[in-house]
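Visitor: Next come the chains, spelled out residue by residue.
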Amino acid sequence: MKHSIWKDYASHKYMFLMLLPVLVYFAIFHYGPMYGVIIAFKDYKILEGTLGSPWAGLDNFRELFGGYAFGTVLRNTLIINFYKLVFGFSAPIVLALLINEVSVGWFKKSVQTISYLPHFLSWVVLAGLVIEFLSPSRGAVNMALAWFGIDPIYFITEPGWFRAILVSTDIWQTVGFSAIIYLAAIAGINPEMYEAAEVDGISRVQKIWYITLPSMAPVIVIMLILNSGAIINDDFEQVFNLLNAKVMEVGDVLSTYTYTEGLLKMNYSYAAAVGLFKNVVALILVLTANYLASKFSDETIF
Amino acid sequence: MATKMNFGDRLFLIGVYAALLVLVLSMMLPLLQVVTISLSPPKVVNSYGFHLFPTVLDFSGYAKVLRYDAIWTAYGNTVLRTLLGTAITLLLTFLGAYPLSKKRLPHRKFWTGFVVLTMFFSGGMIPTYLLVKGLGLMNTIWALVLPSAISVFLLLIVRNFMIALPESLEESAKIDGANDVFILFRIVLPLSLPIIATVGLYTAVWHWNAWFDSMIYIQEESKQVLQLILRRILLEGQDVSVETSASMQAAVSTETVKMAALVVSVLPIMCVYPFLQKYFVKGTLIGSVKG
Amino acid sequence: MKTTTKRMAALLACIMLVTLLAACAGNNNAPESGNAGNTDGAAGQTNNGDNAAVEEPEEPVVLEWLGYDSYAEPDADSAVVQMVEEKFNAEFDFWYVDAQKWDDNLNVKLAAGEMPDVLKIPNRQNIAKYVDQGILAPIPKEKFEELAPTYTAFIDENYPEAWDGVMFNGEIYAIPTTNLNGSYPTVVIWRQDWLDNVGIAKVPETLEEYEEALYKFRNDDPDGNGQKDTYGLSDFALPNILGAFGYPGISDFKQAAKGDPSKSLQFTEKDGQLVFAAVQPEMKEALAVLQQWYADGIIDPEFLTSENTTGYWADSQAFYNGKIGLTGMGMFYHWRHELDPSLPDDVGGGQYKAFMDAQPDGELAFGVPAVGPEGKSGTPQWDTTSHPVAITTKAAEDPRKLDTVLQMVEAAVTDYEYYLSVTSGEEGVDWKLDGDTFVNLSAADSVADQNKKGKNVLSVKVSYDEYLKKKDPFIYAFGDKYANINGYTSMFVPTVEVFEKNSSALNKLTIETYLKIITGESPVDAFDAYTEQFMRIGGTEVEEAVNAAYDELMGR
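Going line by line, the protein sequences match chains H, Y and X. This note's numbering puts the first sequence at residues 1 to 302. This note's numbering puts the second sequence at residues 1 to 291. This note's numbering puts the third sequence at residues 1 to 556.
Only chain H is shown next, with the shape it has when bound in the complex:
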């Protein structure tokens, strides 16, 4: 037993030679500072440092969970991000498949380039545009509605619409950028598979269904597993810049809710507690997704 393990490692020495710098990196830059996690259980004092600050037990968590509106905020976070995952996850896959169908070179290139551009505009800039676009008095959407005789809707302040706005603008901003990874997956597919299929005379839609998508599965599954953790992690910049007092009840999420606390109180321990809570939830989600994936395919994290 003893012998065989060393032999096992020795016979893979090149593998470990390659892996070593990576493990060293994670050890130094991630495991090195990881002791900072305990800040969440302390009452952090700047000059006393992480280790010297007094213990606070679960006080920071109590403050977080006991806060006015915490329940609403947590629910909003989960609902909004669940929608983002359901719709936002499939959108870049669909986009990549559509782009793949285009055979006109310049059009393909243009679509690819333009669709990745919104990623470069920050929400500070985009939010103003979205609000103008949806304005009841001068926004393009309401002008179009008026054309059909529908009364203007003040979308951005309507609790019924706000989540839809968050989800759709999020997809719109990220779809092109996220699609790149799937384009790479499609590019790796062996063309012989298509050639064989063409002999059988199957349609384009069938090709996507029977060849392209299954070939992309490894990447799709891993993306789905990794993204499942995002259900608890919201996009602060987006929500903060679009949020208004009328839609707090449906739109206030963990990051915006805890922002003022952290900002005003420069309370590291509280912020660390929020972070730890989110990460534990994310870890559970990812492990669950990974477990579920392992039931149906081989493409899992572990």
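Treat the hints as calculated values from the structure; they're not laboratory data. Treat the hints with care, as some may be off.
Chain Y regions said to be covered by chain X (calculated; three or more residues, Cβ under 8 Å) [to be verified]:
| # | region |
| --- | --- |
| 1 | 15-25 |
| 2 | 45-55 |
| 3 | 127-136 |
| 4 | 228-236 |
| 5 | 253-259 |
Each residue gets a CB set at the ideal place from its N, CA and C atoms; glycine is no exception.
Chains Y and X: place on chain H using the hints.
Guide: Just chains Y and X now, with coordinates in the frame of chain H:
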């Protein structure tokens, strides 16, 4: 495409083009607006409605931005960190992903877990700062490229991409007596060009947009990155409390200047993608390796 | 299997050990050096007197400087910095802490045991915390009187409340600074041409007159385009209307909705007690009026996303585009509509200019805040104090450091040309004096450019009324003429922990309730339930703590 398309395929293609056209148009809007504002006087900026095409041209925003010395040094710093950071990330990511993609690696699950766990537990800003300081990286470019050298997310994606590669090519090399390092560099990497392009692009974009680390770790103005300078300009004038004299307001940048700064700072990175697109063409790779 | 695990652990431990050795140096020294700094500071303080005599006076005193709003790292070779260094035999080592992420940035440095000598404090609430953690050193009042007598007298006479803001446990912990803008209430701006068009001869003063004008703005087509597309007001003028009933519960709807509790949780004094303005019964009356106005279409429904849709905070696109006829929020200098005859290319205030660009035939008038049924009126007024500048415990080890800083303060209020240099740059290059008239030769500098040139870096944030008015006589004369209206001054309250703990929840509750009542989603009577809930989830606790702390501060 030598075979004739049937009616269903045609219909499908028309749908595809139409959908992409609509999407692309909607995505052009904000950019057009940004470019137009960067070229318009305040009068136009303050008027209601979309500004898709400049009606009155005003280059004063660009003139002001380009006159701003800090932007040019910051440009250099950003380009440097992007190139260096991307190179380091690519090297380490592939060195890590390959062994982890092989089922024969001893304790593969454990080593994967060792890496994945760091996605969920981090020490936070202060311990990391102390580490960077302790390693003597403060005020150097290494503080910007080393702490973020590997993204677990990308590492796992690359790993899964490698899992999907045909095993047969490697096996024949193995029989010829090649070691793992040889296989990675001579067989796996050439097959991985699309994913290399993807990781490279994602990393480059991340480095290009990063500013927080530069703010924390870099003290000297001459070493700051572009996005930090841009952020300063973009957020000017949002805070009421800093005005202590009547003449202070004059110094605040107009929207025209802000948008000009935005255009100037994102233009180069936008131009990177079209050059990488040749690596995303279906089937070219496997064909080239075999032929 | 067991041995496997053990071996794994051993292997892992090896990797961790090797790699952590490098990191260890950094990790360990952190808390230590932090503590070391702390004790040194304390020791230094007690040793002050002894060491001072031994110091060589010829050596320039080195100051690690963070006593400014840092938008860029100042250039140590700039003319201004050179001049100050020479004048005070000092050497400045500038810290750069991004002004927009100040606390994030500064705290990691403090946590790593780094400390500047001179530190600006953007948020006065932090003074208590910094003192607690041994970062700030007290400055005796006698020192002020000895080394900066003119400045001390200036504060004593004009801004005595500024001392309160820098006190903690009966000692002064920072150099108080002032803001002349806080002496002028925010303005009331009307569309004069609209008033003319609907046949109102006098700029409205009472709430009834306001109501008449605003209803006509909505119904009588003031812009003469034949469409009912105009409103009375949007969000900027709402505090003005609240002010007709008493201290405005919310002084800035946009910022309060973004989560800034200082805009909705202000205190007012009633029967000698400090109370939250937002929950006072008179606000219920005010909200009833606003609800009626909203229902009648007087308030632009889009006030929820603010009349400021882009750009600088004082801009009102709704006003520029002829959608509303009454606005506010800005200062007199933003809307200045009289041109300075001594400056040939003067275009007036920035917002006035923007308005005239958009409405070439428009005309605006400065008004007065609405006078309510009980004769109350006023617009919100800014804080009269600004960010104080403190001396750290590290700097206190060398008494020359404090002395130098106080001398710099005194120079900025006794030597006009020195003041102009430290605030406006190099004489002859960035500015010049044409007789008595100040001519700015570098008005186009961005805030970052200003910092780089050393402008507003070494002024210790001194904002001396006499010099400000001497420098911009026309603008302040304009302010004295047009902004001479009633205002609600913001009241300083001492820091109490329970307030910090509850402020974001109380703010959230307040802004949500106000907006729901105004838009008619909740009835006016919902105000009672709100008041009750507000007091229950922390309001009472905070009021009690604040009053106790205030009494202590006032020595009652």
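Visitor: Which of the numbered hints above does this structure break?
Guide: 1
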